[in-house]
Amino acid sequence: MFKLLKNKYLWIALLIFFISMFVINLTSESRDDITILEKVIRDTYTPLQIGVNEFRDNWGGMGTIFANTKNLQNQIVELEEKNRELRFQNQSLREFKSEAKRLQKILNFKDHNIEKYDLQSAKVIARSPNNWYRNITIDQGASSGIVKGMPVMNQDGLIGRVRSVSQNSAQVALITDREMAVGVTIQQNRDTNGILEGLGDNNDLRMINIPYYSTIKPNDIVISSGLSQTYPPGIDIGVVSTVTQEPNGLLLSATIKPVVNFDRLEEVLVITDYRPTVFEDDFEGDEVEE
Amino acid sequence: MRYLVLILLPFLSIFLQSTLFGFYPIKGALPDLILIFVVFLALLNKPRNAFFYGFLCGLLEDLYIGSFIGINALAKGATAYLISRLGRNVFKDNILIGIITVMFGTIINGVFLVLLSLISYNVFHLDINILPNMLYQSIYNILLATPIYAWYYHSTKDGVLRPYGGR
Numbered sequence: 001m002f003k004l005l006k007n008k009y010l011w012i013a014l015l016i017f018f019i020s021m022f023v024i025n026l027t028s029e030s031r032d033d034i035t036i037l038e039k040v041i042r043d044t045y046t047p048l049q050i051g052v053n054e055f056r057d058n059w060g061g062m063g064t065i066f067a068n069t070k071n072l073q074n075q076i077v078e079l080e081e082k083n084r085e086l087r088f089q090n091q092s093l094r095e096f097k098s099e100a101k102r103l104q105k106i107l108n109f110k111d112h113n114i115e116k117y118d119l120q121s122a123k124v125i126a127r128s129p130n131n132w133y134r135n136i137t138i139d140q141g142a143s144s145g146i147v148k149g150m151p152v153m154n155q156d157g158l159i160g161r162v163r164s165v166s167q168n169s170a171q172v173a174l175i176t177d178r179e180m181a182v183g184v185t186i187q188q189n190r191d192t193n194g195i196l197e198g199l200g201d202n203n204d205l206r207m208i209n210i211p212y213y214s215t216i217k218p219n220d221i222v223i224s225s226g227l228s229q230t231y232p233p234g235i236d237i238g239v240v241s242t243v244t245q246e247p248n249g250l251l252l253s254a255t256i257k258p259v260v261n262f263d264r265l266e267e268v269l270v271i272t273d274y275r276p277t278v279f280e281d282d283f284e285g286d287e288v289e290e
Numbered sequence: 291m292r293y294l295v296l297i298l299l300p301f302l303s304i305f306l307q308s309t310l311f312g313f314y315p316i317k318g319a320l321p322d323l324i325l326i327f328v329v330f331l332a333l334l335n336k337p338r339n340a341f342f343y344g345f346l347c348g349l350l351e352d353l354y355i356g357s358f359i360g361i362n363a364l365a366k367g368a369t370a371y372l373i374s375r376l377g378r379n380v381f382k383d384n385i386l387i388g389i390i391t392v393m394f395g396t397i398i399n400g401v402f403l404v405l406l407s408l409i410s411y412n413v414f415h416l417d418i419n420i421l422p423n424m425l426y427q428s429i430y431n432i433l434l435a436t437p438i439y440a441w442y443y444h445s446t447k448d449g450v451l452r453p454y455g456g457r
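For the record, the sequence lines run as chains W and U. The opening residue of the first sequence carries number 1 in the numbering used here; numbering runs sequentially from there. The opening residue of the second sequence carries number 291 in the numbering used here; numbering runs sequentially from there.
Derived from the structure by calculation, the hints contain no laboratory data. Yeah, the Cβ is synthetic: ideal placement off N, Cα and C, and Gly gets one too. Any given hint could be a false lead.
Subject to a maximum C-alpha distance of 27 Å in a straight line, what follows is the list of computed BS3-like cross-link-like pairs (lysine-lysine) [claimed, not checked]:
| no. | chain 1 | residue 1 | chain 2 | residue 2 |
| --- | --- | --- | --- | --- |
| 1 | U | K447 | U | K382 |
| 2 | W | K6 | U | K336 |
| 3 | W | K3 | U | K336 |
| 4 | W | K123 | U | K317 |
| 5 | W | K3 | W | K257 |
| 6 | W | K116 | W | K101 |
| 7 | W | K116 | W | K148 |
| 8 | W | K70 | W | K82 |
| 9 | U | K382 | U | K336 |
| 10 | W | K148 | W | K97 |
| 11 | W | K82 | W | K97 |
| 12 | U | K336 | W | K8 |
| 13 | W | K148 | W | K123 |
| 14 | W | K97 | W | K116 |
| 15 | W | K257 | U | K336 |
Pair ranges (Cβ atoms, derived) [to be verified]:
| no. | chain 1 | residue 1 | chain 2 | residue 2 | range |
| --- | --- | --- | --- | --- | --- |
| 16 | U | I316 | W | L107 | 25 to 35 Å |
| 17 | W | I19 | U | L296 | 41 to 51 Å |
| 18 | U | V380 | W | N7 | 19 to 29 Å |
One-sided excerpt, in silico: chain W residues whose CB lies under 7 Å from chain U [to be verified]:
| no. | residue |
| --- | --- |
| 19 | L5 |
| 20 | S20 |
| 21 | V23 |
| 22 | I24 |
| 23 | I41 |
| 24 | T46 |
| 25 | Q49 |
| 26 | V52 |
| 27 | A126 |
| 28 | R127 |
| 29 | P129 |
| 30 | S164 |
Please model the entire structure based on the sequences and the hints provided.
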């Protein structure tokens, strides 16, 4: 026993273990900023990753040269058809928009539409090198005004939130990450609020804390509610695929299929000027409504 | 030269993991190139050296990821130490040994990560889906490790990774 205590390697191992555990706990909670060492490591990788990404983009372009012209023509016809449909939809929505704006003005409501936010576009240059986290690295960082906590989306819907920033790149945690939670609601009737969690191992999401009397059903559209104070309200998230009852019988949970294809993220938009609404503002709005 | 290659390997691994393999997961699982190199070094070197190499490689990965810094360092260091201890009397001139060691290494590393998460109360790591994920990762690792072991073994014998003075 005493011989074991005299072994200096045992003490070194113990020391390394305890120092590491201390650092793990120190860096486990969400820190305000990452250390200079981490920033240097990431900024070393950024230009390399941008290079690989550009190469991949060009390679994709090469493919179309050799693609069958007939396929391309079919694709053009399909897209033109889609474009016509969308233009028609757009026409009616524009009318609704001006009407909604007018009514909002009369009722003194706050405009939460996503088009009023400043969006900074960025390219996805890398993904998480590890199984435990779901995140992407984008090619815009502190130098272009990105700050930790900014919401990130693309034209389809919500993607996630900026987790940490270095000089020329930023790490975005996807909403499919285990650590992420988003306050959500159902677009059609807004009577069901819930919390959306990432599962971490595939691209599906889980909506929890839904009351048992909710009318939620498959194919309902789920959007951000703005209650989590981190994401602006009204951003598309996904479609309900299944609804199940929790074992205690008081709550429901639902599986959500996200509208964003997380496997094929290429360009994202960072919302740079979202300030969460203070709760008092909401109460004022309610009073006016009455 | 040997040290330069040993330092470059984990750097290159993170680069490949984030740009190449990150975009092509198998059933949501990514391979762990760093672990593969750590396991090979452990198989062909002394336990103490293996521990420090594993620890430093894991630390680099942690610093790149930026949360729970130290968890991969400890897990990879401990995995390397164990592999090196257990593999002392194994005949290494067989590609099958490389493959089996990588499989065991992936599982041991996973177990250490779970244990460390438990100790440091990062319970979010723990999920029933960890097991299939670990399985897919070990399959992915084996696929990659097979050609790498052939190169690694030969360059340790008489290539760039040969220790000075020979073995």
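Evaluation of the provided hints:
Distance hint between U:K447 and U:K382 is fulfilled; the C-alpha atoms sit about 11 Å from each other, no more than 27 Å. Distance hint between W:K6 and U:K336 is fulfilled; the C-alpha atoms sit about 21 Å from each other, no more than 27 Å. For the suggested pair W:K3 and U:K336, the alpha carbons sit about 22 Å apart, so the restraint of at most 27 Å is met. Between W:K123 and U:K317 the alpha-carbon distance is near 25 Å, which keeps this suggested pair within the 27 Å criterion.
Between W:K3 and W:K257, the direct Cα distance comes to roughly 60 Å. Violation of the 27 Å bound is thereby established for this hinted pair. Straight-line distance between C-alpha atoms of W:K116 and W:K101 comes to about 12 Å, which keeps the hinted pair within the 27 Å bound. About 21 Å separates the Cα atoms of W:K116 and W:K148, which keeps this hinted pair within 27 Å; it holds. The hinted pair formed by W:K70 and W:K82 meets the criterion: a straight-line CA distance of about 19 Å does not exceed 27 Å.
Between U:K382 and U:K336 the alpha-carbon distance is near 14 Å, which keeps this suggested pair within the 27 Å criterion. At roughly 32 Å between alpha-carbon atoms, W:K148 and W:K97 are farther apart than 27 Å, so this suggested pair is violated. Using a Cα cut-off of 27 Å, the hinted pair W:K82 and W:K97 holds, with the two alpha carbons roughly 22 Å apart. Under the criterion of a C-alpha separation no larger than 27 Å, the hint pairing U:K336 with W:K8 is consistent with the structure, at around 17 Å.
For the suggested pair W:K148 and W:K123, the alpha carbons sit about 17 Å apart, so the restraint of at most 27 Å is met. About 13 Å separates the Cα atoms of W:K97 and W:K116, which keeps this hinted pair within 27 Å; it holds. Taking the CA atoms of W:K257 and U:K336, the gap is about 49 Å. The hint is violated against a cut of 27 Å. Our hint of 25 to 35 Å for U:I316 and W:L107 is violated, since their Cβ atoms are close to 53 Å apart.
W:I19 and U:L296 have their C-beta atoms about 23 Å apart, which leaves the hinted 41 to 51 Å range violated. One distance hint, 19 to 29 Å for the beta-carbon pair U:V380 and W:N7, holds here, with the actual separation near 26 Å. A cut of 7 Å between beta carbons decides the hint on W:L5: the least distance to chain U is about 19 Å, and the hint is violated. Because the smallest distance between the Cβ of W:S20 and any Cβ of chain U comes to about 4 Å, under 7 Å, the interface hint for this residue holds.
The closest approach between the C-beta of W:V23 and any C-beta of chain U is roughly 4 Å, which is under the 7 Å cut-off, so the hint is satisfied. The beta carbon of W:I24 comes within 4 Å of a beta carbon in chain U, closer than 7 Å, and the hint placing it at the interface holds. Proximity of W:I41 to chain U holds as hinted, the smallest CB-CB distance being about 5 Å (cut-off 7 Å). Hint status for W:T46: violated, given a least beta-carbon distance of 11 Å to chain U, over 7 Å.
Annotation: interface hint on W:Q49 holds; nearest CB of chain U at approximately 5 Å, less than 7 Å. The restraint placing W:V52 at the interface with chain U holds, with a minimum CB-CB distance near 4 Å, inside the 7 Å limit. Residue-level restraint check for W:A126 holds (minimum Cβ-Cβ distance to chain U is 4 Å; threshold 7 Å). For W:R127, the interface hint holds, the least distance from its beta-carbon to any beta-carbon of chain U being 3 Å, beneath 7 Å.
For W:P129, the shortest C-beta to C-beta distance to chain U is roughly 3 Å, which falls under 7 Å, so the interface hint holds. At a threshold of 7 Å, the smallest CB-CB gap from W:S164 to chain U is about 5 Å, leaving the interface hint in force.
Of the hints listed earlier, those the structure fails to meet are numbers 5, 10, 15, 16, 17, 19 and 24, in rising order.
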